[in-house]
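Assemble the whole structure, with the sequences as input and the hints as a guide.
If you want the building blocks of each chain, they are given just below.
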Amino acid sequence: MFSYYLKLAWKSILRNPVLSSLMVLALGLGIGAFMTTYTVYYLMSGDPIPHKSDVLYALQLDNWDPNSPPTESQRDVQPQITYRDAEYLMHADTPATRQAAMYRTSVTVQPESADEPPFDGTTRATYHTFFTMFDVPFLYGEPWRMTEDDGRERVVVLSRKMNDQLFAGENSLGRNVRMNDALFRVVGVLDDWQVTPRFYQVDGGNVFADAEDFYIPMSTGVEMVIQPHGNVNCWLAPEGGGLDAFLRSECVWIQFWAELSTPEEAVAYKAFLDNFVRSQKEIGRYPRPLNTFISPVMEWMAINEVVSTDNRVLVRVAFLFLLVCILNTVGLLLAKFLGKGPEVALRRAMGASKNAVFSQNLVEVCSIGVMGGVVGILLAWMGLQLIDKLYRGYQNLVHLDGAMLSAALLVAVLSSIVAGIYPVWRVARLAPAGYLKTQ
Amino acid sequence: MLKMTNISKVYRTDLIETHALRDLNLQVEEGEFVAVTGPSGSGKTTFLNIAGLLEKPSGGVYELDGVDVSRLSDRDAAHIRNQKVGFIFQSFNLIPDLNLFDNVDVPLRYRGWSAKKRKAAIEEMLELVGLASRKTYLPSQLSGGQQQRVAIARALAGAPRFLLADEPTGNLDSLMARQVMELLESINAQGTTIVMVTHDQELARRARRNIQVLDGQVSDLDSVYQAKVDRIAKAGAAHV
Numbered sequence: 017m018f019s020y021y022l023k024l025a026w027k028s029i030l031r032n033p034v035l036s037s038l039m040v041l042a043l044g045l046g047i048g049a050f051m052t053t054y055t056v057y058y059l060m061s062g063d064p065i066p067h068k069s070d071v072l073y074a075l076q077l078d079n080w081d082p083n084s085p086p087t088e089s090q091r092d093v094q095p096q097i098t099y100r101d102a103e104y105l106m107h108a109d110t111p112a113t114r115q116a117a118m119y120r121t122s123v124t125v126q127p128e129s130a131d132e133p134p135f136d137g138t139t140r141a142t143y144h145t146f147f148t149m150f151d152v153p154f155l156y157g158e159p160w161r162m163t164e165d166d167g168r169e170r171v172v173v174l175s176r177k178m179n180d181q182l183f184a185g186e187n188s189l190g191r192n193v194r195m196n197d198a199l200f201r202v203v204g205v206l207d208d209w210q211v212t213p214r215f216y217q218v219d220g221g222n223v224f225a226d227a228e229d230f231y232i233p234m235s236t237g238v239e240m241v242i243q244p245h246g247n248v249n250c251w252l253a254p255e256g257g258g259l260d261a262f263l264r265s266e267c268v269w270i271q272f273w274a275e276l277s278t279p280e281e282a283v284a285y286k287a288f289l290d291n292f293v294r295s296q297k298e299i300g301r302y303p304r305p306l307n308t309f310i311s312p313v314m315e316w317m318a319i320n321e322v323v324s325t326d327n328r329v330l331v332r333v334a335f336l337f338l339l340v341c342i343l344n345t346v347g348l349l350l351a352k353f354l355g356k357g358p359e360v361a362l363r364r365a366m367g368a369s370k371n372a373v374f375s376q377n378l379v380e381v382c383s384i385g386v387m388g389g390v391v392g393i394l395l396a397w398m399g400l401q402l403i404d405k406l407y408r409g410y411q412n413l414v415h416l417d418g419a420m421l422s423a424a425l426l427v428a429v430l431s432s433i434v435a436g437i438y439p440v441w442r443v444a445r446l447a448p449a450g451y452l453k454t455q
Numbered sequence: 536m537l538k539m540t541n542i543s544k545v546y547r548t549d550l551i552e553t554h555a556l557r558d559l560n561l562q563v564e565e566g567e568f569v570a571v572t573g574p575s576g577s578g579k580t581t582f583l584n585i586a587g588l589l590e591k592p593s594g595g596v597y598e599l600d601g602v603d604v605s606r607l608s609d610r611d612a613a614h615i616r617n618q619k620v621g622f623i624f625q626s627f628n629l630i631p632d633l634n635l636f637d638n639v640d641v642p643l644r645y646r647g648w649s650a651k652k653r654k655a656a657i658e659e660m661l662e663l664v665g666l667a668s669r670k671t672y673l674p675s676q677l678s679g680g681q682q683q684r685v686a687i688a689r690a691l692a693g694a695p696r697f698l699l700a701d702e703p704t705g706n707l708d709s710l711m712a713r714q715v716m717e718l719l720e721s722i723n724a725q726g727t728t729i730v731m732v733t734h735d736q737e738l739a740r741r742a743r744r745n746i747q748v749l750d751g752q753v754s755d756l757d758s759v760y761q762a763k764v765d766r767i768a769k770a771g772a773a774h775v
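Residue numbers (the working numbering), protein chains in the order written: chain Z, 17 to 455; chain S, 536 to 775.
Hint data in this document are derived by calculation from the structure and do not stem from the laboratory. Be aware that a few hints might be false.
What the hints assert, rightly or not - DSS-like mimics (lysine-lysine), calculated; alpha carbons at most 27 Å apart, straight line:
no. : chain 1 : residue 1 : chain 2 : residue 2
1   : S       : 652       : Z       : 370
2   : Z       : 23        : S       : 654
3   : S       : 538       : S       : 591
4   : Z       : 27        : S       : 538
5   : Z       : 23        : S       : 651
6   : S       : 654       : Z       : 370
7   : S       : 538       : Z       : 23
8   : Z       : 177       : Z       : 68
9   : Z       : 356       : S       : 670
10  : Z       : 356       : S       : 538
11  : S       : 670       : Z       : 23
12  : Z       : 286       : Z       : 23
13  : S       : 652       : Z       : 27
14  : S       : 538       : Z       : 286
15  : Z       : 27        : S       : 591
16  : Z       : 27        : S       : 670
Bear in mind the structure is a predicted one, so any value in this text is a computation, not a measurement.
What follows is the structure, given as structure tokens:
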């Protein structure tokens, strides 16, 4: 009967094209507005690394001004740590499976051809463990090794996009890229890789922007004085001038992540950090009470409010708009379906039960919903394109993936059912006798 | 076939209570062609609606094929309507945007028949009413008489044993009315029981039995029936 109901639905929709179009448009507008805002929200709040997000932890060590207000929540603790602490932890024998210190920076790339002007390349200075820890896929080569971290080697891993730009997509392993007046040897080229949001860099910069194009050892970046482009916060001015003073200072500018494979490992790692801070207190550092935190990815994004309150409000407003559209559709459907009284009465006389009439009209309502969904998806796509045009750096938030397309259709069908259930129920309960005589 | 005992139907609103049928008693045997006449508002249509299980009586017992159908659930009533009852209406009640084939298909869709079986039944019925060549036409492309023939084909497609006709010729001119009446008579001759509500006394006289509904009750049944018997007897005597 389903195909028969579909055929009848199509005929009924065509019978009154203006009214049908209004219903489809009303649903489409509501779904378009809701899906536009919800897509942005969904991509902002989604798990960027679902298979590992519960074993990757960000570190917070409360090494701040003792005269600042007391720490009331984890949000009050700096999200970055000092270079000296990062260096210690990277070389200490910790219970962690892996650790990676990192900072965001930029390099000036000087192409081989004199015709091409130099340009700035977004860069992450980190340790070789970054790639394994975050499951970064390689197209060519592999991460540099620990010896290259320790030896401050001038090696670089390129993004696929940058390899396309500099080497026309060829296997560039062993070739050199001139950056900041130094030659860096290509040891790896990433395959397409984008985590949205970039959970490993929530402090400073756009967390929804593309992943970096260049990856170099942090030790090399520091040695070449390639300065951080993220936040650098100091509660105590460096003692003396120069790079060494800055590196020895209490300024926080390094993001630090640890892979803790089991809950036991996490407990042991937290204890290790607490002991480390206590030992530092003995030499006059860490003047505030002991506050060390380790946070898995999703918790880390919540603490740092990656999804702003404005976004949540916007999704709610769009949902209310969808409800208004549904309410309008209820009125239109009621008008349409009550006009079907004579046909319903005839079908009832011919042997259709109330359930059969209900099902037939429900299929029609769902068909309108699917059409509204398609219009809604089109409008959502246009809305997302508009966001992309109006705001830079949100390109990773403005695409409808398979899940969102399915969700849009599901929302459309559910909306149409919500809108249509009362009109469909009413029409199924019409007393047929009254209509048969008066046709 | 059909037996109504003390059937009553009361319509109630906040202000008024209308007794459409009062203690109506009627029995129709298998194969009969019964004409139901009566003035407007006498309860003919209410009687037809109850007979076709489109409404439930307020009181009394209605038996169809020996089964009490007075208090059936909606689902069961729909099933019996589909299996046993065919309807013919004064205004044809064809669905305007379905072609003739699909219009005749309507009751069969609720039968659960295969597409092949439905197609065969539809084509046979359209052949019977002389419209097989126009099965792809829309109702609006036909005359009133042709539309009523389609409605008859639709009523007969599922081979019901019981046909209810509500003023089947009310919207037709006399020529077309006669053709439709002849069609109904031939259907009855093949064994289908027909109950026809009509205002038209001439048509009523062509039925094998006449009953009159007056103020919600069957009346004059014997006298009308007897008069007809007498008329036939007199005609027979004249021939002799």
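Checked hints:
no. : hint          : verdict
1   : S:652 x Z:370 : 25 Å, holds
2   : Z:23 x S:654  : 17 Å, holds
3   : S:538 x S:591 : 15 Å, holds
4   : Z:27 x S:538  : 41 Å, violated
5   : Z:23 x S:651  : 18 Å, holds
6   : S:654 x Z:370 : 26 Å, holds
7   : S:538 x Z:23  : 40 Å, violated
8   : Z:177 x Z:68  : 25 Å, holds
9   : Z:356 x S:670 : 24 Å, holds
10  : Z:356 x S:538 : 34 Å, violated
11  : S:670 x Z:23  : 18 Å, holds
12  : Z:286 x Z:23  : 64 Å, violated
13  : S:652 x Z:27  : 24 Å, holds
14  : S:538 x Z:286 : 88 Å, violated
15  : Z:27 x S:591  : 33 Å, violated
16  : Z:27 x S:670  : 18 Å, holds
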